[in-house]
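Trainee: Could you put the whole structure together from the sequences, leaning on the hints where they help?
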Amino acid sequence: MNAHADSWIDAYLDGALNPSQVRQADTHLRECPRCRALLEERQALSALLQEVPPAANLKPERQFVAEVGLRLARRQDVAASGDWRTSRQTSALRAAWMLAPAALLLAWAFVQTVLILSTLVGLVPGAGHLLVQRASLDPGLLAAAAAGLGVSFPALPEVLTEWIGYFGLFNIFHWDLLTGFIALIFIGGLSAAWLAGWWVVRQNADGQAKR
Amino acid sequence: MSLQTALEIDESELILQAQRGDREAFGELVRIHRAGAINVVYRMCGDPVLAEDAAQEAFIRAWQHLPNYQPRAAFRSWLYRIAINAGLDLLRRQTARPETAASDETLERLPAGGSVEAGLERRERIERVRRAVLDLPEGSRAVLVLREYEGLSYEEIAAALEIPLGTVMSRLSYARRCLSERLQKMVEEV
Chain A
31 MNAHADSWID
41 AYLDGALNPS
51 QVRQADTHLR
61 ECPRCRALLE
71 ERQALSALLQ
81 EVPPAANLKP
91 ERQFVAEVGL
101 RLARRQDVAA
111 SGDWRTSRQT
121 SALRAAWMLA
131 PAALLLAWAF
141 VQTVLILSTL
151 VGLVPGAGHL
161 LVQRASLDPG
171 LLAAAAAGLG
181 VSFPALPEVL
191 TEWIGYFGLF
201 NIFHWDLLTG
211 FIALIFIGGL
221 SAAWLAGWWV
231 VRQNADGQAK
241 R
Chain B
-5 MSLQTALEID
5 ESELILQAQR
15 GDREAFGELV
25 RIHRAGAINV
35 VYRMCGDPVL
45 AEDAAQEAFI
55 RAWQHLPNYQ
65 PRAAFRSWLY
75 RIAINAGLDL
85 LRRQTARPET
95 AASDETLERL
105 PAGGSVEAGL
115 ERRERIERVR
125 RAVLDLPEGS
135 RAVLVLREYE
145 GLSYEEIAAA
155 LEIPLGTVMS
165 RLSYARRCLS
175 ERLQKMVEEV
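Residue numbers (the working numbering), protein chains in the order written: chain A, 31 to 241; chain B, -5 to 184.
Hints in this document: simulated from the structure, not taken from any laboratory. Note that beta-carbon positions come from the ideal geometry of N, C-alpha and C, so glycine has one too. Please note: incorrect hints may appear among the correct ones.
As the list claims (entries may be wrong) - Simulated DEER-style distance windows between Cβ atoms:
id: 1; chain 1: B; residue 1: HIS59; chain 2: A; residue 2: LEU123; range: 18 to 26 Å
id: 2; chain 1: A; residue 1: GLN233; chain 2: B; residue 2: GLU182; range: 47 to 55 Å
id: 3; chain 1: B; residue 1: GLY160; chain 2: A; residue 2: GLU61; range: 26 to 34 Å
id: 4; chain 1: B; residue 1: GLY133; chain 2: A; residue 2: LYS89; range: 14 to 22 Å
id: 5; chain 1: B; residue 1: GLN11; chain 2: A; residue 2: LEU136; range: 42 to 50 Å
id: 6; chain 1: A; residue 1: LEU136; chain 2: B; residue 2: GLY145; range: 57 to 65 Å
id: 7; chain 1: A; residue 1: TRP138; chain 2: B; residue 2: GLY145; range: 54 to 62 Å
id: 8; chain 1: B; residue 1: LEU114; chain 2: A; residue 2: ALA77; range: 18 to 26 Å
id: 9; chain 1: A; residue 1: THR57; chain 2: B; residue 2: LEU114; range: 42 to 50 Å
id: 10; chain 1: A; residue 1: LYS89; chain 2: B; residue 2: ARG122; range: 25 to 33 Å
id: 11; chain 1: A; residue 1: LEU123; chain 2: B; residue 2: THR161; range: 35 to 43 Å
Mentor: Okay, structure coming up:
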């Protein structure tokens, strides 16, 4: 260890060097007055720091331990109590959160099924014509449903239904590739959002634990 | 079996029991680590009342997160991190850092002897050193306190503060250099 002590003096002082490094450090310190002075300075600083006494006038140990117990009991009572409605809502939300992946999986399965059936419908000669005939008998359906079996969703906002109709999502069993792709992208987005939410909750829980 | 090993086994057993919900076992852990937790916070924050409050809060948080405690880190290291965070949280909630000089009771614990003048000089010196430590950045201060006053190894400090070993060494070196410069005259007199 021929380099001056600046980089290793603290490790030397704190016993963090291995035996070989200690021998090298000892050799260097015997030969280098500058580094010996640095070592003495660090030792003096350590002695000075030790002169500062610990905290005094503390509560008796028994009182301290008893107070911890009381605060703990109080904290747990607060956690356990609470509005039953709030706890039921919380339980319901938690259940919905846990079921979300299953719902997304079902949605994905549904989309895949519709795509497969759409392909099969396309393979059957004349099936598209039959679907158009059915749609034309019901003037209440959206314009985008004219090419297939239309479904109406009166509860949806008009703008949203127009967009959904534009992408042909109402044309159940007559979806094209783009429609299926849009549906899968939408489900993928929801899945990613759920994963991000799960990760944030997990990080918060880990942060709480570390604190 | 050495005394140290026997004590470690006892503590491991206490921790296991506490993790199973045994409050008596946890109470014993509180007794064992009470002084260390209070002093770590006291050295970090400078206020003995806040230190006791933060130490109590730390034990409560430790109880709540005991199921997450893994024996790969020493219990003391794990607890000290919680205590330091609790202390800093309480300190931040105060509108301003209290300009708390070391109390008379604290300074009365200094070794007796010598003239009144020497006694006053010593008190002043202690106060200057205490303030110099409190003026260090939090990260460096924590490493210095755990090393100088609690005797934790570099590895234990790294585990306690969840920082790399290299960061422990650089922060400790920085803290000591800062203190040496600031307290130069006093260091030379020692």
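Trainee: For each hint, tell me whether it holds in the structure or not.
Mentor: Do the hints match the structure? See the list:
A hinted range of 18 to 26 Å holds for the C-beta pair B:HIS59 and A:LEU123, which are about 24 Å apart. Evaluation of the 47 to 55 Å hint for A:GLN233 and B:GLU182 yields a pass: the beta carbon distance comes to about 49 Å. Against the hinted window of 26 to 34 Å, the Cβ-Cβ separation of B:GLY160 and A:GLU61 comes to about 28 Å, which satisfies the hint. Remark: the range hint 14 to 22 Å for B:GLY133 to A:LYS89 is contradicted by a beta-carbon distance near 30 Å.
Checked against the given bound of 42 to 50 Å, the beta carbons of B:GLN11 and A:LEU136, roughly 46 Å apart, stay inside it. As the Cβ distance of A:LEU136 to B:GLY145 is approximately 59 Å, the hint placing it in 57 to 65 Å holds. In this structure the supplied range 54 to 62 Å holds for A:TRP138 paired with B:GLY145, their Cβ-Cβ distance being about 58 Å. The hint said 18 to 26 Å for the Cβ distance between B:LEU114 and A:ALA77, and at roughly 20 Å that hint holds.
A:THR57 and B:LEU114 have their C-beta atoms about 44 Å apart, which keeps the hinted 42 to 50 Å range intact. At about 28 Å, the CB distance of A:LYS89 to B:ARG122 agrees with the hint of 25 to 33 Å. Distance hint check for A:LEU123 and B:THR161: the Cβ-Cβ separation is about 40 Å, which falls inside the suggested range of 35 to 43 Å.
When held up to the earlier numbered hints, the structure conflicts with hint 4 and nothing else.
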